[in-house]
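Heads up: the sequence lines are chains A and B, in that order.
So for the first sequence, our numbering puts the first residue at 159; every next one is plus one.
So for the second sequence, our numbering puts the first residue at 2; every next one is plus one.
Note that these hints are calculated values from the structure, not bench results.
It should be emphasised that the depicted structure is a prediction, and the values quoted were computed from it without experimental measurement.
Be aware that one or more of the hints could be misleading.
To give an idea of the chain A side of the interface with chain B (calculated C-beta under 10 Å), a few residues [claimed, not checked]:
# : residue
1 : K177
2 : G394
3 : T395
4 : I399
5 : G463
6 : L468
Quick list of the computed label-pair ranges, beta carbon to beta carbon [stated by the list, open to error]:
#  : chain 1 : residue 1 : chain 2 : residue 2 : range
7  : B       : N14       : A       : G182      : 12 to 20 Å
8  : B       : K83       : A       : V442      : 43 to 51 Å
9  : A       : K327      : B       : S5        : 32 to 40 Å
10 : B       : M3        : A       : R266      : 49 to 57 Å
11 : B       : N14       : A       : A526      : 15 to 23 Å
Glycine included, C-beta positions come from ideal geometry on N, C-alpha and C.
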Amino acid sequence: MTVINLDHLSSNPLLPEVKEAMIGAIRADLHNPSSQHKAGEAAAAYLDKARESVAALIHATPKEVVFTSGGTESVNHAVKGAAMANAAKGKHIVTTNIEHNAVIRSLRRLKSQGFTMTSLSVDNYGRVNPDDVANAITDQTILVSIMHSNNETGTIQPIEQIGRITRAKKVLFHTDAVDSVGVVPIDVEALGVDLMSFASNPMYGPTGVGGLYVRRGANVWPLLDGGIQENSKRAGTENLIGIIGMGVAAEAAQRDMAKRIAHLNGLKNRLLANLPAHIDEYIVNTDPEHSLPHVVSLSVQYIEGESVMLMLDDEGLAVSTRSACATGSLRASHVLLSIGLNHADAQGTLVIAFGIDNTPAHVDTFLAALQKTVKTLRDISPLYKKRAEG
Amino acid sequence: MMYSKTVMDHFRNPRNVGVIDNADGVGEVGNPLCGDIMTIYLKIDEERIADIKFQTFGCGSAIAVSSMLTEIAMGKTIAEAKQITNKDVAEALEGLPKNKLHCSNLGADALQMAIKDYEDRKAGKPRDASAEKVPHEHSHGDKCYCPYCDVELSEGADFCEACQHDLKDDH
């Protein structure tokens with residue numbers, strides 16, 4: 159059975175041109191870019207080119223781009239590195255209640271080292287109020303870490319407004335932009351960020367590669383100590399084949415972004431417009447105005463998400479659920495509770511993430527399958543029965 | 002796939018789904034905080050389970066557990082049915098993922114509650130509504146696992162050192 163991938167936040171296929179470039183790099187037996195002989199210099203030229211492409215995508219200078227093993231490493235580097243480098247100035251960090259676990263657990267480690275946090279609440283779509291950020295910053299604050307877009311709701315934060323605040327108060331600002339970079343236009347100057355985490359796969363490059371934007375002069379410790387690679391910011395011989403793939407993916411993202419956004423918005427609008435004709439009693443958690451073009455977070459009431467996901471899987475549709483039951487934990491998603499969902503509604507949450515390989519027909523197939531699945535599960539749901547009985 | 006073939010079969014084709022009107026016993030366990038809610042309906046004829054049906058809000062495992070439980074209990078005498086445990090159901094399903102044992106393996110608890118409801122009614126006791134609100138006790142041996150990373154925990158631990166998760170009341 160061919161699978162229709164509506165779970166592009168979990169994985170994107172590689173672009174054909176990315177595959178070509180990576181296969182070419184494998185065949186070329188590239189040397190170590192740090193070596194000073196001709197073979198090393200040839201490899202370094204590939205590395206430089208990829209760095210320029212990635213820097214252009216986010217409007218940074220190439221020197222401000224540090225290649226990493228992916229979004230998780232970038233976030234750990236930014237958060238822990240900024241905290242360690244600036245601990246003498248203060249030990250207070252401002253964040254939100256809806257960050258990715260990479261941020262949450264990095265902060266938890268820091269907590270055990272004497273750092274304190276102020277974690278801000280968000281509205282029903284998951285947006286933080288910039289005034290709350292301004293009010294949370296004290297003379298002890300050394301870092302503000304707020305994600306660009308959320309991986310469970312697709313909602314985009316007012317990063318530009320927050321960036322103006324952190325600049326005025328001279329506090330380092332990190333944004334986890336893993337699901338945004340390569341998807342929507344990103345300009346680090348306009349955003350006013352000092353640190354920005356991103357990854358290759360959301361822009362149809364390989365997994366296991368990512369980047370950290372470090373503004374020139376930003377005081378951040380490396381996460382990995384060793385050699386002088388990446389301008390001494392990240393030791394270890396570069397994953398050159400992956401980085402070459404990411405460079406090509408970044409070029410394609412910049413070239414095709416407007417076209418992709420129009421396509422993805424079309425699919426998203428088709429889904430939202432036709433949803434009421436297929437199911438009732440659901441909640442859309444994605445901000446209608448400020449959100450990623452490809453993501454819809456949907457809480458279907460009276461049923462549980464893992465069951466929905468498994469039934470849709472049988473119909474050849476891959477979607478993601480944020481039900482506690484499907485994540486290995488028994489607890490509802492901290493993001494969904496933070497935006498005000500009750501536990502039962504959080505349990506019925508699906509995340510649909512379109513990709514450039516999806517078509518309008520995929521949306522229609524999904525809607526038909528969802529209608530059938532929701533009916534089947536509501537028919538056996540004691541919550542639905544109770545609701546019917548008032 | 003994390004589930005056995007038997008689990009997937011019962012999830013895809015659940016047996017004995019539905020409601021019994023004028024049931025002789027009803028048992029409900031779980032709450033949305035835990036993730037799953039199961040309701041078991043019994044029709045009793047001469048101290049034997051003549052019919053059993055279920056409704057479940059929950060994951061694939063929870064639906065499969067309910068379905069398997071009804072298959073095991075159907076036709077049993079009350080005395081026999083009282084011996085059915087959550088472990089029996091999990092074994093009949095060829096095992097459940099470890100973290101799912103906490104939340105979704107509630108079938109036998111719902112059955113025992115339905116049997117108690119039947120016996121209370123027979124004895125003329127008024128239905129005890131508060132009984133339905135008793136929190137579910139996990140009974141799968143003495144061991145406790147972190148729901149986030151599956152590392153074995155000491156009973157009552159409120160923090161998992163291995164994965165840094167707060168666990169207050171979670172396991």
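(message) Holds or violated: the 15 to 23 Å window for the beta-carbon distance between N14(B) and A526(A)?
(response) holds (21 Å)
(request) Could you check the hint for me, namely that M3(B) and R266(A) are 49 to 57 Å apart, CB to CB? (result) Check failed, 27 Å falls outside 49 to 57 Å.
(request) Report holds or violated for the interface hint on G463(A), using the least CB-CB distance to chain B and a cut-off of 10 Å. (result) holds (8 Å)
(message) Tell me if the interface restraint on T395(A) is satisfied: Cβ within less than 10 Å of some Cβ in chain B.
(response) violated (30 Å)
(request) Take the C-beta atom of K327(A) and the C-beta atom of S5(B), compute their distance, and say whether it sits inside 32 to 40 Å. (result) Given about 56 Å between the Cβ atoms, the range is violated.
(request) Double-check I399(A) for me: the hint is only fine if its C-beta lies closer than 10 Å to a C-beta in chain B. (result) Violated: closest Cβ of chain B sits about 31 Å from I399(A), beyond 10 Å.
(message) Holds or violated: the hint that G394(A) contacts chain B, with Cβ atoms closer than 10 Å.
(response) Check failed: Cβ of G394(A) comes no nearer than 25 Å to chain B, outside 10 Å.
(message) Quick check: does the Cβ-Cβ distance between K83(B) and V442(A) fall within 43 to 51 Å?
(response) holds (47 Å)
(request) Given the range 12 to 20 Å, decide if the beta-carbon distance of N14(B) to G182(A) lies inside it. (result) For G182(A) against N14(B), whose Cβ atoms are near 50 Å apart, the range 12 to 20 Å is violated.
(request) Would you settle whether the hint for L468(A) is holds or violated, based on the nearest Cβ-Cβ distance to chain B being less than 10 Å? (result) Cβ of L468(A) sits 5 Å from chain B, so the hint holds.
(request) Answer holds if the nearest beta-carbon of chain B is closer than 10 Å to that of K177(A); otherwise answer violated. (result) violated (28 Å)
Consistency with the previously given hints fails for numbers 1, 2, 3, 4, 7, 9, 10, ordered from lowest to highest.
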